[in-house]
Amino acid sequence: MLSLLWLIPTLPLAGFLVLALGGKYLGHRSIAVIGTSSTALSALIAILIGMDFIAAPPPGFVFRQEAWSWIAVAGFSPGIGFYLDALSLVMVLVVTLISFLIHLYSTEFMSGDEDYARFFAYMNLFVGSMCILILADNLLFLYLGWEGVGLCSYLLIGFWYRDPANGRAARKAFIVTRIGDTAMAIGLFLLFTHLGTLDIQPLMQCAGQQWPEGEGLAILTAALLLAGAAGKSAQLPLQTWLPDAMAGPTPVSALMHAATMVTAGVYLIARTHVLFTLAPVVQHAVAVIGALTLLLAGFSALVQTDIKRVLAYSTISQIGYMFLALGVGAWSAAIFHLVTHAFFKALLFLSAGVVIMSLHEEHNIFRMGALRKKLPIVFWTFLIGSASLAALPLVTAGFYSKDLILWRAWSSAGGNPWLWAAGWGGAILTGLYIFRVVFLVFFGEARTAMPPGTARPGLRITLPLIVLAAFSLVGGWIETPPFLGNLTLFSSFVQHALPPAQAVHGEKNDETILELLAIAASLGGIALAYLLFLRYPAFLQGMMLIPAFARIREFWQSGWGFDRFYEFLFVRPYLWLAHADRRDVIDNIYKMALSCMLRWLQKVDPHDVINTIYNGLAGLCLFLHRALSATQSGQVRRYAAAIATGSIGILFIGIFA
Amino acid sequence: MRTVEAIAAIPMHHGLVLAAILFALGMIGILARRNLVFILMSIEIMLNAAGLAFVVAGARWEQADGQVMLIFILAVAAAEVSVGLALLLLLYRRFQTLDADAVSKMRG
Amino acid sequence: MILSALIFILVAGGMLAWMANRWYPGSAKWVALATVGIELVLTIWLWLQFASAMALPAHGGWFAETRAEWIPRFGVSFHLAMDETSLILVMLTAFLGMVSVACSWTEIQERAGFFYFNLLWTLAGAIGVFLALDLFLFFFFWELMLVPMYFLIAIWGHENRRYASIKFFIFAEGSGLFMLVAILALVFVHYRSTGVLTFDYFELLNTAMSPSTGLWIMLGFFIAFAVKTPIVPLHVWLPDAHTEAPTAGSVILAGVLLKTGAYGLLRFVVPLFPDAALQFAPVAIALGATGVLYGAFLAFAQTDLKRLVAYTSVSHLGFVVLGIFAWNPWSLGGAVMQMIAHGISTGALFVIAGILQDRTHTRDMRRFEGLWSVMPRLAAMGLFFAIATLGLPGMGNFVGEFLILMGLYRVNSVLASVAAVAFVASVVYALALVQKTFHGENKHDWQLPDLSGREMATLYSMAAITLWLGLYPQPVLDAAPDIASRPPAIAVADREGNAE
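Chains as they are written, first to last, in the numbering used here: chain Z, 84 to 740; chain V, 2 to 109; chain X, 79 to 578.
Careful, some of the hints might be misleading.
Beta-carbon label-pair distances, calculated as ranges [unchecked claim]:
hint	chain 1	residue 1	chain 2	residue 2	range
1	X	Thr291	Z	Pro320	51 to 57 Å
2	X	Tyr538	Z	Pro295	49 to 55 Å
3	Z	Pro295	X	Ala364	33 to 39 Å
4	X	Pro289	Z	Phe651	46 to 52 Å
Everything labelled a hint here was simulated from the structure, so no lab data went into it.
For glycine and all other residues, C-beta sits at the position ideal for the given N, C-alpha and C.
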């Protein structure tokens, strides 16, 4: 069974090829079948492989498969090879499963679109690239998947290419992530130059053996990889692209910009955790970045009016949690949150997509309302997703993963109360902002009449919602805190690939107290949302009349001014310089050189003597030109005479001189 | 043997002067005549003058090279005449005249 | 024998095409197609032959050699030889020859015979350059390649063709002069030290000379090749020439002629003057890095589609210069890869620009916009090659750029990191191209036919090659000059050196 591993990325890529080349000649039905079945098959294979892997683990909990040697130059020999261990198995299961569900959803959601084939082609390409990213056994091949998903992100954000705004968002996403990718590429150069390989496992061993903890090169490499991860995962300071990425179709936002692609950074750091362990400074920076990002994005999510932007900032914030976990060395907690987040965030986006669709492209939550009755299934699924995101205790998956992170942020070797406090504050914010959306959209009074005759979402939309909702509820029961059964199925499985986190601060009792605090935070956030947005909405409206609050609101809404800052610092100067230098300064230098020299001569010599000389030279040239051209009479006899005279003259000289 | 001696008896400068006179005649012909046919003929004369000079020189040093060169010149002359006559025909068709001065399109 | 045949087939084909078009107007393109077709088949056959012969180490890297006396008094011989690097470049030339004939198929109507004559002679000159191992012969082919190219631009070019062609010619000839002087100087230095007057590459390889002499002579070669490659302050002829040339001319210019400059650096500058090149390498690398960034930056600023693509060439060839002067197995493999991949991807972009110009009679990107909905196939190909140009992994350019920078990192980590910024800059210009041309609303109401079968065959084959280069680059990487490879264990020493 394991030997089918290569099929997981290959099937979606094959689907992409068929749709890209033959999409024109296929009907809607066959496009949907091809697009969905390719991901369905790879999900199926992933599940079978997963069962096989657990039932009969390969030696060392690692399975390796090499298709062919990609590049081989003087000891540099990355292959097109796949590597399966506990970590990549978890990731690939999540990715293929969610991809399949979202493809299924899209077959109905996108059915009215003229570019149906192109959509599924891009989506399949994405799934293939993402699986490559996860399963690659060397960093260069991982980089291929990494860039591949970046490309798909660009293509799908700008999917509706007619609107230039979409194109702008798409380019922004690609360029900003590419900045991180470039840093990562430099990191790869460094790794190969100093360790002589890019194969992940030998590389990690080699790094562990050659570099002591705190080694400068390790710090540099880890920082470069961190930049790559921050770009892809939309963390500070490269987070600005993700909210704009919501310009793409909603299934795209669900699949790439929530569930899978943006968590690639988390995966990368977990995959190369040895480097980060060797560079404690950088690892601490990961935690700090995560903590800052989760707070900043949480505040921004609080004031957005576009439902998808709320979810986008929420995604940034939740990935901040994962970074926080990575930064304190709680590798498996980060991956656990990644998994649960994938389920509930995909669910939220897909539900939001239905809401937007049934209100005819209405994105503003203040123009929605009272959809509870009209879209009952969506209401429940969105509610489950929100509850899971807000970490509603006991019943939701998000609760178990987030609390694990909070506990680790306190107790791990790299953890400290400040990080914990950031995460705790973030938990309040999370409950607040997501239930703000729930109350505004599904409760209260209807602010936009749902157009009559809007079809209820069909089975292909509701089925994925229900499945994801189920996962969002029960997905957490594979890893529970000590006082709730102390199940460690997940972390003990992932331990085969990632070292376990050790609690160094805090006693057993602390954990319970902290759990209770965390529960209080999430419930408090939800309660606050209820009070502010459903019970006493007038209070906030009154607050907004105060200019200072309005200004803060605007500031948060614009994502803390990062966009404006970057625009001012990088974009404008680049554009200005480019425009100024459009004609190529160097070319102009050549062109100007001669005339400048003449002008300079004139300046040096005001009496124009030299100019006269030049004029005289020019006149002389003209005179000579005329004189010489007069000799070209065109009469052959004259030429002959000239030849004769010349020869005689030469002979004369030769003889008598 | 007698012919060799007879030739050797002729002083070299006689032959050379004859060649020079022929050459000058040819050149004057080229410069003075306007008819292209005559110009071609003059060129032939000049070529033959050069050939004669070669023969004379060959005789002087008792080498066969001079005669080889003469044959070479004859071949060149034949080629030159064929090309020249072809050009001449084309010119006549185009300009309806054989006046060399009329063909002055290349004026600078 | 086969090597001379490679050149003479093109020479003869060119003349035949010219004459054939007089007798049967319109037949020139068929003759030209047949000629480059034979050429391509021949090179592929050679490649297959030599791929199997590779196993024999006795070759010493040279597969085939032709040597005949030419001007023995001056030690000039007709000496051609082929190793893997030249073979792969000859293949590229033959393939792009095919492409350029295909893309001129309907574009060139006036004086078609002379056009294909010039085209084929340029190709013949380029192949000669790639094969010649006698410096005099090399110079001869170098010039042979330029003059027909001048005509291609001057006669069949666009609006500003006179200016562009004269500029091209002046730069090319001016730099050629430097090379001629350098060649003669090298030959005389060799003559003085050994008493043998020869232009032969192998004999000149180990000429003893004082460091300063070496540096000066090397600079002569370097300037000639730097103009052709181009390296930054000497690149100014390129945008004009590429923009004004007819499509086939742009394809050949970008795909083949620029490679002759890089090939010269690879074959002559470094091997003939190893010490001087080593001494000069930091300057060359700095110039290369400048070119990489400056080209990418200016490409973004352009509004003329062909000019944009032309500046991307400056950027990509900057990478090649970096790779050559870093001179280690990785960077050289990358440099050769980059040459081939750039030839294909940029050639394809010029073909696309040519198709657009043919149909819309403009190259101004401000007048395009929204062509995706009008010509989806062309737009998809445009997107594909824009992505290839920005160096997405899985396509040839990435392998080249990555290996070059990785090799360079070992030599000069700072400049490697600086040059890596081009990864971002290239995204900026490539996406600007896609956005301005294909995305957006079709505001200008273009109604244009999509790709024809001939155009599709051309572009699809180029796309397939680009992917092949990206996913299985080994044949091209093996073609890089085989220098004594430093084992990766050197990393330890490097690290200790850096740790200070």
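Numbers of unmet hints, in rising order | none
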